[in-house]
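These protein sequences, in sequence, are chains S and Z.
Per the working numbering, the very first residue in the first sequence carries number 3; after that it's consecutive.
Per the working numbering, the very first residue in the second sequence carries number 21; after that it's consecutive.
Honestly, I wouldn't trust all of these hints.
One side only, chain S facing chain Z, incomplete, derived with CB under 10 Å [said to hold, decoys possible]:
no., residue
1, ASP59
2, SER79
3, LEU86
4, PHE93
5, TYR96
6, LEU98
7, ILE99
8, PRO100
9, LEU114
10, GLN115
11, LEU138
Here are a few chain S residues that sit away from chain Z, every Cβ distance over 12 Å (derived from the structure) [claimed, not checked]:
no., residue
12, GLY10
13, ILE23
14, SER75
15, GLU190
16, MET207
17, ALA222
A few chain S residues that don't get close to chain Z, going by computed Cβ distances all over 10 Å [stated by the list, open to error]:
no., residue
18, MET3
19, ARG26
20, THR62
21, ASP71
22, GLU109
23, GLU113
24, GLU132
25, ASP137
26, ALA174
27, ASN175
28, GLY182
29, THR183
30, ASP186
31, ARG193
32, HIS204
33, ASP220
Please keep in mind that the hints were generated in silico from the structure rather than gathered at the bench.
Ideal Cβ positions, reconstructed from N, Cα and C, are used throughout, including at glycine.
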Amino acid sequence: MSMLEARGVSKVYETRGVETIALRGVDLSIEGGEFTALAGPSGSGKTTLLNLFGGLDAPTEGVVVLDGDDLGSLTSSQLAEERLHKLGFVFQAYNLIPVFSARENVEFVMELQGVPPSERRRRAMAILEEVGLGDLADKRPLEMSGGQQQRVAVARAIVSQPRVVLADEPTANLDSKTAGTLLDLMEELNREHGVTFVFSTHDPMVIEKARRTVRLRDGAVVADERKAGSA
Amino acid sequence: MGTGIWRMAWRNIGRSPRRTGIVLTAVAVGLAGVLLAMAVNYGMVYQMIETAIATELGHLQIHGAGFDQEPGIEICIEDGERLATRALSGIPGLEAWAPRVRSQGLLYSPRANVGVQVVGIDPAREARVSVLADSIVSGSYLDGQRRKLLLGEKLASRLHVEVGDKLVLSVQDVHGEMTGEAFRVGGLFRTASGDLDRGSVFLRIDEGEQLFGLGDAISELVVIADQRSHVDDLKREIEARLSGDLEVRTWKELRPLLVYFVDLFDQMGWYVYGAVFVAMAFGIANVLLMSVYERIREIGILMAIGMGPRRLVVGIVIESLLLTLLGVVIGLAVGTLSVWLLRDGIDLSRWAEGLTAYGIGTKIVPVIRSKDLIIPTLVAVATAVFASLWPALRAVRIRPADAVRHI
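With the hints as extra help, turn the sequences into a complete structure.
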């Protein structure tokens, strides 16, 4: 069974009577443990597809299935629960809650999951150490660099032990060295924790790292490439 | 709800100090103003009640049956003082009692005559149940003096008499016969009760009993409780000890108008609270709405990490609650401090003439009741919840995909 699946998914936005087609009948299946990039130029529909996979938006047509659950059949509260327990998100920037420290940002997801305080603290510190930010645990986002903030966002995304991490252009605002470090980190987490990663990106470095690249253009899948040796 | 939501709400309050400051100031000033206004209003009502109790009513009065409907000299308590000594001794919560003889009369001076309330008192006992002894402004109280009258300053002025002048008091006795005696003005008093000062005259109870032909009978027994809150219990205890042909009435039953005033001020209080808190609700809602719009992306992130609609609403309601309660604490502190600073009273001597008609003195001491602290706090909590629902519902209606794209 696929971890993520889009079946005949279309998405049409309407702004002041003008219709914009973001996705046209996309069929795509992503298995557990994949490290996949959704690539394409701006306006190709990659972020829209990522939002549909994350239940942040609903398709105009078609079905999105996460770990066997049809997201279209869930209420907004059930979708929130689905995101809480099965998904982690990393966005381009401003990922973190500014009034929380790095540790509190990471802990908050676990608090929503009902993890006891002592375990929350232990797991948050362990994951921050793992992403190399143990020393900055008590810093607030504004006291950290963009790369450090993205690493905290990755730590927060995986600390809840999700099935899938959806990352929307996670390296877009980072210099190439920081972006490389972040990608290495995500790859390592994918390998060691078995977490499925799906990126939307047009960064060649990310595409290079991905073991599978799904290329989108004008809202449709135009290529689905797997590197030799990947499942 | 976890501590993280409370921590986030608390820290969000500090994110826009100017806006938070404006809301806190509005809530605090509004509340302090209401509290002070209520304290001054209740101070006036309290003084009206205290004046009525201290000059005339006492906490309780005991009369012969029927006195309530048709007060008259013929409705009296036979051998009243002995009865009181026997029945009222050793009752817990009873501070003091005093006998009185009371009826109407006509007071003649060489230059005028005035219809008056004639009250015979036991000077020593009366001093423990009323402020009369402490209200003498010229001459002296009745101790040991015979054929002396105490008059209010205003009554003396109407009669054009001073201390030592001669007056004739004419009354109808218990048999319906007109009778009269000559007295001298022994002392003049001034109280916060305009009615008492203008229309009452006091004499020794034995002279009153003689004048009205009552023998050992008296018109009423006035009782003072150790605390006003014990009055109802005291009434039940006294009623149990007395025979059925006597009536025991509390000050509330004797002067229902005072109770009406208390109710009226309470009702006015609700209108004032209502007006202040409706204005406050709009201010809070406005601030929270602005705060929500400024944090749309953040709300999107919270939705993305799995914070459901219910928790989002609760988070915003908590933010409103903390903001409002902070304002309430400051407001109540400022209001209470203002009342404390005015503890010596607000001087209203310029309006004294008008106020004494209502039994209010020249100084109003604001009085805070516990409910004046509790009710605004509860109303503020309700206002905070009510005011935050609109911004909170706006927040959860935002589509997560739009929110996370928002900069």
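Hints, one by one, checked against the model:
1. ASP59: 4 Å, holds
2. SER79: 5 Å, holds
3. LEU86: 3 Å, holds
4. PHE93: 6 Å, holds
5. TYR96: 6 Å, holds
6. LEU98: 8 Å, holds
7. ILE99: 6 Å, holds
8. PRO100: This interface hint holds because 7 Å falls under the 10 Å limit.
9. LEU114: 6 Å, holds
10. GLN115: The hint holds - GLN115 (chain S) has a Cβ within 10 Å of chain Z, the shortest such distance being about 8 Å.
11. LEU138: 18 Å, violated
12. GLY10: 20 Å, holds
13. ILE23: ILE23 (chain S) clear of chain Z: closest Cβ-Cβ about 16 Å, beyond 12 Å.
14. SER75: 17 Å, holds
15. GLU190: Per Cβ check, GLU190 (chain S) is outside 12 Å of chain Z; nearest 22 Å; holds.
16. MET207: 23 Å, holds
17. ALA222: Non-interface label stands for ALA222 (chain S): nearest chain Z Cβ at 20 Å, farther than 12 Å.
18. MET3: 23 Å, holds
19. ARG26: 18 Å, holds
20. THR62: For THR62 (chain S), whose nearest Cβ neighbour in chain Z is about 13 Å away, the distance exceeds 10 Å, so it holds.
21. ASP71: 14 Å, holds
22. GLU109: Violated: least Cβ distance 7 Å, not greater than 10 Å.
23. GLU113: 4 Å, violated
24. GLU132: 19 Å, holds
25. ASP137: Label holds. Min Cβ-Cβ 22 Å, cutoff 10 Å.
26. ALA174: Holds: least Cβ distance 13 Å, greater than 10 Å.
27. ASN175: 12 Å, holds
28. GLY182: 25 Å, holds
29. THR183: At about 23 Å from chain Z, THR183 (chain S) clears the 10 Å cut-off, so the statement holds.
30. ASP186: The claim stands: ASP186 (chain S) keeps its Cβ more than 10 Å from every Cβ of chain Z (closest is about 24 Å).
31. ARG193: 24 Å, holds
32. HIS204: Non-interface label on HIS204 (chain S) holds, nearest chain Z Cβ at 17 Å vs cutoff 10 Å.
33. ASP220: With a cut-off of 10 Å, ASP220 (chain S) remains clear of chain Z, as the shortest Cβ separation is near 20 Å.
Of the numbered hints listed earlier, those contradicted by the structure are 11, 22 and 23.
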